[in-house]
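Undergrad: In order, the protein sequence lines correspond to chains Y and W. Read in our numbering, the first sequence has 70 at position 69, and its numbers run on one by one without any break. Read in our numbering, the second sequence has 43 at position 42, and its numbers run on one by one without any break.
Keep in mind that the hints were calculated from the coordinates and are not lab data. Don't take each hint at face value.
In silico EDC-like links for lysine to aspartate or glutamate, alpha-carbon gap of 16 Å or less [unchecked claim]:
hint, chain 1, residue 1, chain 2, residue 2
1, Y, Lys218, Y, Glu88
2, Y, Lys142, W, Glu192
3, W, Lys142, W, Glu192
4, Y, Lys64, W, Asp90
5, Y, Lys64, W, Glu88
6, W, Lys125, W, Glu234
7, Y, Lys64, Y, Glu5
8, W, Lys64, Y, Glu88
9, Y, Lys64, W, Glu192
10, W, Lys64, Y, Asp90
11, W, Lys142, W, Glu89
12, W, Lys64, Y, Glu89
13, W, Lys142, Y, Glu48
14, W, Lys125, W, Glu48
These are the residues of each chain, in order.
Protein chains: 2
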Amino acid sequence: MRFELYYWPGIQGRGEFIRLALEDAGADYVDVARGRGGVARLERLLEVPARPSFAPPFLRAGKRIIGQTANILLTLGPRIGLAPRSEEDRLWVHQLQLTIADWVQEVHDVHHPISASLYYEEQKTAARRAAADFRAERMPKFFGYFERVIARNAARSGWLAGRRASYADLSLFQMIEGHRYAFPRAMARLERRFPRVIALRDRVAARPRLAAYLASKRRIAFNLHGIFRHYPELDRTRG
Amino acid sequence: MRFELYYWPGIQGRGEFIRLALEDAGADYVDVARGRGGVARLERLLEVPARPSFAPPFLRAGKRIIGQTANILLTLGPRIGLAPRSEEDRLWVHQLQLTIADWVQEVHDVHHPISASLYYEEQKTAARRAAADFRAERMPKFFGYFERVIARNAARSGWLAGRRASYADLSLFQMIEGHRYAFPRAMARLERRFPRVIALRDRVAARPRLAAYLASKRRIAFNLHGIFRHYPELDRTRG
Numbered sequence: 002m003r004f005e006l007y008y009w010p011g012i013q014g015r016g017e018f019i020r021l022a023l024e025d026a027g028a029d030y031v032d033v034a035r036g037r038g039g040v041a042r043l044e045r046l047l048e049v050p051a052r053p054s055f056a057p058p059f060l061r062a063g064k065r066i067i068g069q070t071a072n073i074l075l076t077l078g079p080r081i082g083l084a085p086r087s088e089e090d091r092l093w094v095h096q097l098q099l100t101i102a103d104w105v106q107e108v109h110d111v112h113h114p115i116s117a118s119l120y121y122e123e124q125k126t127a128a129r130r131a132a133a134d135f136r137a138e139r140m141p142k143f144f145g146y147f148e149r150v151i152a153r154n155a156a157r158s159g160w161l162a163g164r165r166a167s168y169a170d171l172s173l174f175q176m177i178e179g180h181r182y183a184f185p186r187a188m189a190r191l192e193r194r195f196p197r198v199i200a201l202r203d204r205v206a207a208r209p210r211l212a213a214y215l216a217s218k219r220r221i222a223f224n225l226h227g228i229f230r231h232y233p234e235l236d237r238t239r240g
Numbered sequence: 002m003r004f005e006l007y008y009w010p011g012i013q014g015r016g017e018f019i020r021l022a023l024e025d026a027g028a029d030y031v032d033v034a035r036g037r038g039g040v041a042r043l044e045r046l047l048e049v050p051a052r053p054s055f056a057p058p059f060l061r062a063g064k065r066i067i068g069q070t071a072n073i074l075l076t077l078g079p080r081i082g083l084a085p086r087s088e089e090d091r092l093w094v095h096q097l098q099l100t101i102a103d104w105v106q107e108v109h110d111v112h113h114p115i116s117a118s119l120y121y122e123e124q125k126t127a128a129r130r131a132a133a134d135f136r137a138e139r140m141p142k143f144f145g146y147f148e149r150v151i152a153r154n155a156a157r158s159g160w161l162a163g164r165r166a167s168y169a170d171l172s173l174f175q176m177i178e179g180h181r182y183a184f185p186r187a188m189a190r191l192e193r194r195f196p197r198v199i200a201l202r203d204r205v206a207a208r209p210r211l212a213a214y215l216a217s218k219r220r221i222a223f224n225l226h227g228i229f230r231h232y233p234e235l236d237r238t239r240g
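Generate coordinates for the entire structure from the input sequences, incorporating the hints supplied.
TA: Okay, here's the thing in structure tokens:
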């Protein structure tokens, strides 16, 4: 089946978690909004379906339109070989993905603490305060959590769950890449505390199809419009 | 099976979405942290399991410990008769629940825009700006989305999905109650625009087991420690 991914062009954003899974699996998909007339198609499909999504990304799989990043991956994972076999294990991986979704929202809100509809420049002072807390408290907490999850995986595979990589491992890779881009100084200090997370990141990056994708033009570069943004003042201790 | 719910005592918070489902279903459950020594048990179970949750709420069902509110409801829903039969419909209800989860995070962040680890008083100025945007843009957007979902439900049942109520309907009820508590003035202006949402709320409130729960001491009152907080200055146009 050819999947249709609908997400804003020009940014990695939440769509990237879906792209990484589709690319790693070598799935047949089209990134609709990056093609001609694609944004209009996205906007129409956001509006007209009987079961509309609240926001992109959403995925079209045959007649179904599925929204919410973690829900898309829950549905897609088993079909493309990136989810465990048992129901219980699948819901555990989904739980990890939902925790990543919370983290994604937090990292976005660092540069947009007041409102997503105001410019960064209009909320810069609040963003500096938010960033100081995020770097000091939230980054170590989230990375520490996933370090613990890898350490406690009974399969001792180095992945988050079970013996094989799942879409949640690919998403964790993306979180590290994003934090390295947005907070290089904070990450330089932090990474040595989470060796399992970093080892997992390296194994994901070395997967042949993913490596090919990351080196291709299909991988949009991080930039100042996405979820992860590099504003040097948000990566620096005040003063 | 007796379910064990683990959530901070003293607030409705995210735990309330689980409580509403368990109560409406008449399920056998214990709200562990509200009992003697319960907070210590919660903290231990947050720390020691092979598959730890990032934060409460989490639910113990036999040997399994399940975290993330929407994931708990996805697992619990079919067991207690609050989810549709087919896989496709279940994932649609889950998608709606995930959209509610995003909304919950946003409504929390209105009073804590900078950081959850600072007091409200330390981020009051930012909160006023966040609240103005939330009332003007986000509240109508979220309520409008769910109004549309009810209107487009092919079963024309007045519920979000299919012919029967699901846990997502109970959660939407909770969102209305929360907004009425936190933003009474904004809600007074807004409600008439979303008649289907309000009618759904009334039907949920009239369900016998739920009505009994809401009138009981088990229902914690809204207060200034939860997700929904009533600060009059956040419900008022500036000036």
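Undergrad: Each of the hints needs a verdict: does it hold here or not?
TA: Now the hints, each set against the structure:
A distance of roughly 36 Å separates the Cα atoms of Lys218(Y) and Glu88(Y); the hinted pair therefore is violated under the 16 Å criterion. A C-alpha spacing of about 39 Å is found between Lys142(Y) and Glu192(W), which places the hinted pair above 16 Å, so the restraint is violated. A hinted pair counts as satisfied when its Cα atoms are at most 16 Å apart, and Lys142(W) with Glu192(W) qualifies at roughly 13 Å. A threshold of 16 Å between alpha carbons decides the hint, and for Lys64(Y) with Asp90(W) the separation of about 13 Å falls inside it, so the pair holds.
For the hint pairing Lys64(Y) with Glu88(W), the CA-to-CA distance comes to about 15 Å; that is within 16 Å, so the pair holds. Straight-line distance between C-alpha atoms of Lys125(W) and Glu234(W) comes to about 9 Å, which keeps the hinted pair within the 16 Å bound. Distance hint between Lys64(Y) and Glu5(Y) is fulfilled; the C-alpha atoms sit about 11 Å from each other, no more than 16 Å. Proximity of Lys64(W) to Glu88(Y) is assessed by CA-CA distance (about 15 Å); at most 16 Å being required, the pair is judged to hold.
For the given pair, Lys64(Y) sits about 34 Å from Glu192(W) by alpha-carbon distance, which is inconsistent with the 16 Å threshold. About 13 Å separates the Cα atoms of Lys64(W) and Asp90(Y), which keeps this hinted pair within 16 Å; it holds. Using a Cα cut-off of 16 Å, the hinted pair Lys142(W) and Glu89(W) is violated, with the two alpha carbons roughly 25 Å apart. Restraint check for Lys64(W) and Glu89(Y): the C-alpha separation of about 11 Å stays at or below 16 Å, so the hint holds.
With a CA separation close to 13 Å, the supplied pair Lys142(W) and Glu48(Y) stays within the 16 Å bound. Restraint check for Lys125(W) and Glu48(W): the C-alpha separation of about 33 Å exceeds 16 Å, so the hint is violated.
In this structure, the hints that do not hold are numbers 1, 2, 9, 11, 14, in rising order.
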